[in-house]
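Please take these sequences and the hints and turn them into a complete structure.
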Amino acid sequence: MFSEERKEGSPRFGKLHFPVGLWINSPKKHFVKMSRRWPSVGSVRSTSSDTTSRGSETVELRPPGKAKAGRHKRLSNLFHRSTSSGAGVGGGRWGSEKKLADLIDPVPEDLVELSSQPQLPGILKIFGGAISRGANYKSVLATPRSTARQLVREALERYGVAPEEEEGGYVLCDVVGRFEGPGGAWQAEHLRPVGDTERPLVLQDVWKPKAGLSRRFEVRRRCEVERVGEAEDNETARRLQKSRSRAASGGPAPKERADNLSLRRSISDMNLSARKRRERKAVLSVAGTEAEDSADGANLEQLSQCLIQPPTQHPYFLLLLGCDKQVGQGDFVIYVMTRRRHVFGRRPQPDKGGYVDTFLCAPDILPRHCCVQEAEPAPGPALVRPFRGAAVTLNGGALMREAELHPGDLLGLGQHFLFMYKDPRSPQPRPAWLPRPWVSPGLAGAFSCQACGRSLQERQDAFQAYVESREPELRYRPQEEEALLREIVRLQGATTFNLAPAFLLGLCLEHSTRVLEPSHFPRLVARMAQLIKEAVWEKIKEVGDRQPENQQDKGQVGVLSIEEVAADLRPLMLWMANAMELLNLVQKKVMDMEKELDLEGDDLETCDDAMAVLDEVIMSTFQQSVYYLTKTLYSALPALLDSNPFTAAADLSHAQELSTMPEGIRGTLAIYQATLELTRECELHPDLVSQTFGYLFFFSNASLFNTLMERGTGGPFYQWAKAVQIRTNLDLVLDWLQGVGLGDIAAEFFRKLSTTANLLCVPKTSLVKATWSRLRSDYPALTPAQLHHVLSNYHLGLGRPYPEGWSPPPEEREEMIFESFSDHPPLILPSEGFRLCPAAPVMDDALHHQLCRLRRFLWDLEQASLPANQRAAHGLEGGQ
1 MFSEERKEGS
11 PRFGKLHFPV
21 GLWINSPKKH
31 FVKMSRRWPS
41 VGSVRSTSSD
51 TTSRGSETVE
61 LRPPGKAKAG
71 RHKRLSNLFH
81 RSTSSGAGVG
91 GGRWGSEKKL
101 ADLIDPVPED
111 LVELSSQPQL
121 PGILKIFGGA
131 ISRGANYKSV
141 LATPRSTARQ
151 LVREALERYG
161 VAPEEEEGGY
171 VLCDVVGRFE
181 GPGGAWQAEH
191 LRPVGDTERP
201 LVLQDVWKPK
211 AGLSRRFEVR
221 RRCEVERVGE
231 AEDNETARRL
241 QKSRSRAASG
251 GPAPKERADN
261 LSLRRSISDM
271 NLSARKRRER
281 KAVLSVAGTE
291 AEDSADGANL
301 EQLSQCLIQP
311 PTQHPYFLLL
321 LGCDKQVGQG
331 DFVIYVMTRR
341 RHVFGRRPQP
351 DKGGYVDTFL
361 CAPDILPRHC
371 CVQEAEPAPG
381 PALVRPFRGA
391 AVTLNGGALM
401 REAELHPGDL
411 LGLGQHFLFM
421 YKDPRSPQPR
431 PAWLPRPWVS
441 PGLAGAFSCQ
451 ACGRSLQERQ
461 DAFQAYVESR
471 EPELRYRPQE
481 EEALLREIVR
491 LQGATTFNLA
501 PAFLLGLCLE
511 HSTRVLEPSH
521 FPRLVARMAQ
531 LIKEAVWEKI
541 KEVGDRQPEN
551 QQDKGQVGVL
561 SIEEVAADLR
571 PLMLWMANAM
581 ELLNLVQKKV
591 MDMEKELDLE
601 GDDLETCDDA
611 MAVLDEVIMS
621 TFQQSVYYLT
631 KTLYSALPAL
641 LDSNPFTAAA
651 DLSHAQELST
661 MPEGIRGTLA
671 IYQATLELTR
681 ECELHPDLVS
691 QTFGYLFFFS
701 NASLFNTLME
711 RGTGGPFYQW
721 AKAVQIRTNL
731 DLVLDWLQGV
741 GLGDIAAEFF
751 RKLSTTANLL
761 CVPKTSLVKA
771 TWSRLRSDYP
781 ALTPAQLHHV
791 LSNYHLGLGR
801 PYPEGWSPPP
811 EEREEMIFES
821 FSDHPPLILP
831 SEGFRLCPAA
841 PVMDDALHHQ
851 LCRLRRFLWD
861 LEQASLPANQ
871 RAAHGLEGGQ
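Numbering (the UniProt record's numbering), first residue to last: 1 to 880.
None of these hints come from the bench; they were simulated from the model. Note that the structure is predicted; figures quoted are calculated from it, not measured. Honestly, I wouldn't trust all of these hints.
[Said to hold, decoys possible] Each computed EDC-like pair below joins lysine to aspartate or glutamate, with the alpha-carbon atoms no more than 16 angstroms apart:
{"no.": "1", "residue 1": "K722", "residue 2": "D642"}
{"no.": "2", "residue 1": "K631", "residue 2": "D615"}
{"no.": "3", "residue 1": "K422", "residue 2": "E404"}
{"no.": "4", "residue 1": "K752", "residue 2": "E819"}
Structure, rendered in structure tokens:
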């Protein structure tokens with residue numbers, strides 16, 4: 001029956017939705033009594049021969065039955081979408097949510113509303129006898145959101161009216177009448193032109209004809225309707241003037257006056273009491289909802305009551321200023337939050353994604369402009385968040401980030417719309433935008449601020465409270481950002497709180513995401529990373545310049561002590577710790593902003609590049625630190641193989657005290673201890689501490705093992721007595737590392753050296769009896785070449801033959817016996833276990849001191865930028 005293609009912008013049948021705002025326009029043109037009878041339309045078949053018409057339709061109208069009890073005070077329920085999906089016309093079915101049991105229809109339902117049928121929901125019949133003589137009606141698709149202008153355009157297309165004749169020449173009329181005579185001839189009694197922005201389906205469901213009457217929608221020429229209305233107005237004015245004349249002379253008022261007044265009343269006025277009519281004029285519209293969202297608590301019966309008074313169980317937005325600068329010109333007055341998440345935006349184009357609850361029409365409204373999230377649990381302050389690039393204000397101030405929305409707050413969307421947020425479930429607090437009462441005259445009042453009511457002393461106290469506050473907050477203007485970042489970077493090493501730079505830079509990130517526009521964040525992160533990289537590069541150059549090989553022209557020779565190396569590495573390790581903490585803060589912010597679509601495209605790429613710079617800083621500082629530490633270890637490790645721990649000076653009973661350790665291992669342990677103290681002092685992340693020592697142990701194992709392989713060639717180095725000394729020294733080192741919490745890491749990386757020492761400590765009598773296969777099984781940490789090298793150089797004594805069982809098979813004979821230093825473990829950055837939490841109050845006194853100092857620093861910068869005659873007043877308010 002409906003084979004025509006859907007026009008762009010019209011809804012598909014079976015995909016009907018509730019309107020976001022149900023718009024009921026207060027009728028400005030009342031129903032007028034018809035001055036002539038209209039031709040019969042009962043049992044007429046469409047005979048339009050226009051080629052644009054896509055088929056003929058037939059309607060059979062039966063005369064109304066006996067009128068039943070009136071329902072002139074009934075306010076019908078709104079449409080809802082049925083949850084059943086049968087084999088109908090392909091979607092949900094529209095019908096009334098429930099019936100009022102105490103009301104009885106005066107006539108059959110199909111004869112009350114002649115423009116719709118319960119069997120075909122979403123299909124509206126528009127009669128057009130005034131356009132095409134003999135044609136009965138044309139069917140068009142409609143939803144509660146369809147406006148009268150849209151339906152007229154669809155109907156005229158069906159009637160074959162040329163587009164150039166269509167614009168403004170026709171109007172949709174709400175016609176009320178009855179069927180008279182044996183043939184059921186239609187007699188129109190009342191007519192009202194429907195406003196272009198009114199919703200006919202909503203109008204049809206809310207305002208019903210009186211008992212015995214029927215209603216249908218007709219398309220008429222606007223000039224004819226206006227001519228009829230003017231004639232009726234003139235006639236009514238003449239009668240009223242005549243009535244006033246009679247009343248003034250003492251004569252009785254004519255009976256027809258009451259009839260005229262009743263005829264001049266609109267359907268809504270007849271169906272509502274006087275009190276409800278006043279309420280309807282105050283509340284022009286309410287927001288609708290989709291049927292699937294009704295589970296959130298929205299009730300269609302409650303929404304229908306909102307047509308008369310504001311809701312009492314749902315938050316809503318009261319329109320204060322619309323796009324046309326006045327309420328009622330195409331905008332709604334009340335927008336109800338029927339879902340926990342309410343999205344404002346522009347009506348999307350066809351096939352464009354993104355659900356929007358409330359459509360706003362303005363050139364600067366984005367498809368998804370602003371989102372309001374109801375409090376959990378309700379009631380409580382809601383959360384409002386603008387979408388990327390959207391212009392939103394809260395109580396007059398620009399809103400860049402998510403903020404609390406309290407009842408009474410003013411929410412501005414773009415340059416045209418202003419709403420007041422209301423929540424009838426919560427107590428109404430004093431609005432934040434409302435100025436304080438005027439202070440009384442006096443010394444304090446003489447210096448009061450006329451805008452906020454604060455005295456000068458109050459403003460000074462508020463600023464001082466902010467400066468000394470321990471809250472993690474750092475406010476600044478964009479023009480002071482560069483100076484602030486440089487001052488924070490310069491703090492490195494100047495405070496006992498070693499992670500102060502990362503913490504303070506994190507406060508800058510918080511300020512940017514909370515106050516500044518989203519596009520500012522990538523530039524801020526990039527600038528932070530660049531300043532840190534420059535500072536680290538300068539420190540690396542300073543450390544390199546102090547090395548002995550670079551001091552030869554100054555006459556310095558030898559190597560640096562571990563104390564000197566630790567002092568040089570301290571700034572690098574501090575930056576490694578701070579860069580790691582800052583990288584974690586940046587990653588979290590980027591992920592949150594990406595999730596909320598605040599970062600896309602080039603901005604995301606900028607953030608990725610900045611994080612890559614921080615990665616480079618961490619890698620560079622780590623590489624430089626382990627390089628200078630291993631360089632120091634290189635000269636201390638050989639003593640572990642050469643020294644004898646069994647001397648009178650060594651006290652092995654106090655293995656944790658370096659002063660009592662054997663001389664041969666004291667130097668190596670001193671380097672480990674200095675490194676451990678340095679990492680703890682710099683508050684390096686535990687994972688980076690473990691990897692730092694993992695690299696040092698890797699280097700120590702490889703260096704000692706290669707030395708052992710090299711010195712065992714061509715001499716009696718591989719023998720039981722020497723092996724016992726090496727084993728003892730190694731055990732003392734491992735025991736000390738176990739005592740400081742590094743035993744597991746050391747055991748893993750010293751496995752090859754420890755295995756070799758165990759092999760050499762086997763008694764000679766037992767070792768000569770072992771076979772190659774058994775030795776390979778007992779010492780798997782050694783490669784065949786390394787095992788064969790140790791056995792072939794083992795000192796059995798003069799003239800003692802080499803055992804035949806020690807010979808490896810040909811396929812296991814290899815030549816490479818040394819460990820490669822390039823096989824070191826990779827640096828893996830941690831993903832958890834970070835120390836900084838920018839949301840927690842500042843409890844460390846040293847950090848709090850630096851935070852207060854920076855606040856005063858920003859205050860001085862802001863004061864210096866103001867004219868001299870404004871610094872005392874404006875500067876104080878800006879500091880707050």
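### Query
Of the hints given before, which are not true for this structure?
2
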